[in-house]
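Starting from the known structure of chain A, arrange chain B on it as the hints suggest.
Protein chains: 2
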Amino acid sequence: MGLVKLNDLPQLQIADGVVARVVTAESVSVMHVQISAGSPIPEHSHHHEQVVNVIEGVLELTVNGVKHNLTPGKVMVLEPNVVHSSKAVTDCRVVDVFQPVREDFRGTSFAGYSQKD
Amino acid sequence: MGLVKLNDLPQLQIADGVVARVVTAESVSVMHVQISAGSPIPEHSHHHEQVVNVIEGVLELTVNGVKHNLTPGKVMVLEPNVVHSSKAVTDCRVVDVFQPVREDFRGTSFAGYSQKD
Numbered sequence: 016m017g018l019v020k021l022n023d024l025p026q027l028q029i030a031d032g033v034v035a036r037v038v039t040a041e042s043v044s045v046m047h048v049q050i051s052a053g054s055p056i057p058e059h060s061h062h063h064e065q066v067v068n069v070i071e072g073v074l075e076l077t078v079n080g081v082k083h084n085l086t087p088g089k090v091m092v093l094e095p096n097v098v099h100s101s102k103a104v105t106d107c108r109v110v111d112v113f114q115p116v117r118e119d120f121r122g123t124s125f126a127g128y129s130q131k132d
Numbered sequence: 016m017g018l019v020k021l022n023d024l025p026q027l028q029i030a031d032g033v034v035a036r037v038v039t040a041e042s043v044s045v046m047h048v049q050i051s052a053g054s055p056i057p058e059h060s061h062h063h064e065q066v067v068n069v070i071e072g073v074l075e076l077t078v079n080g081v082k083h084n085l086t087p088g089k090v091m092v093l094e095p096n097v098v099h100s101s102k103a104v105t106d107c108r109v110v111d112v113f114q115p116v117r118e119d120f121r122g123t124s125f126a127g128y129s130q131k132d
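Those protein sequence lines, which keep their order, are chains A and B. The first sequence begins at 16 in this note's numbering and counts up by one. The second sequence begins at 16 in this note's numbering and counts up by one.
Be aware that one or more of the hints could be misleading.
Given that identical chains are not distinguished, each listed pair holds provided it fits within a single copy or across any two copies.
Unchecked claim - Quick list of in silico lysine to aspartate or glutamate cross-link-like pairs, DMTMM-like style, CA-CA up to 20 Å:
{"hint": "1", "residue 1": "K102", "residue 2": "D23"}
{"hint": "2", "residue 1": "K89", "residue 2": "D23"}
{"hint": "3", "residue 1": "K89", "residue 2": "E41"}
{"hint": "4", "residue 1": "K20", "residue 2": "E58"}
Just so you know, these hints were derived from the structure itself, not from any lab.
So here's chain A without its partners, still in its complex pose (with noise of 0.2 Å):
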């Protein structure tokens, strides 16, 4: 797909504070996240193996019910269909690598996490 701007992909709403673009390859998605101070990401799964970039910002992180403080230097590999949640303890800045593609951030619109897939 080449070169991508990601001002030109859609903005999706993950969460209340949470705006991400996703850059969708062959292989791979790659979601530029802004996570405002504060704002949390529910529980929940998905059948993708992710690798969570911290690149600005701190980020606590709870991976089957422990928690993490992710700073820049802290990457966080989640297996697949592991449940995890998370909440910004400052403005973060995160890079979120998913194998295999997340279809369902394709859209110009996300449905939210409110079940597990």
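Coordinates of chain B only, in the frame set by chain A:
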């Protein structure tokens, strides 16, 4: 594999002025790269899909002979086997995503880009 501290990973010398820490998940490799201004990565190709995310700086990326100046907000998706090279216009911080896993990045050193794979 859970939580990974980048500083606990081997620092790979990708080229002169190009150092990286690579998170090897099950299905993808996520490479956190620091490139010094002026440093080139020679022309090469590989069978992995690659997504180039410039976090800071300006990276001149040449794809099939066409030059692109990547800055934060511009993401390049490279199809498998496409020939590419780069030169850092400024100091750069880059997150590269590869699928499948880069087996050649698993070790404590990197053999270099003198050969195509």
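State whether the alpha carbon distance between K89 and D23 is at most 20 Å within one copy, between copies, both, or neither.
Only across copies: K89 and D23 sit 10 Å apart there, 29 Å inside one copy, limit 20 Å.
If the cut is 20 Å between Cα atoms, do K89 and E41 qualify within a copy, between copies, both or neither?
between (27 Å within a copy, 18 Å between copies)
Give the relationship of K20 and E58 under a CA distance limit of 20 Å: within one copy only, between copies only, both, or neither.
neither (30 Å within a copy, 24 Å between copies)
Have a look at K102 and D23 and pick one of within, between, both or neither, based on CA distance no larger than 20 Å.
Result: close neither inside a copy nor across copies, 27 Å intra and 25 Å inter.
The structure shown violates the earlier hints numbered 1 and 4.
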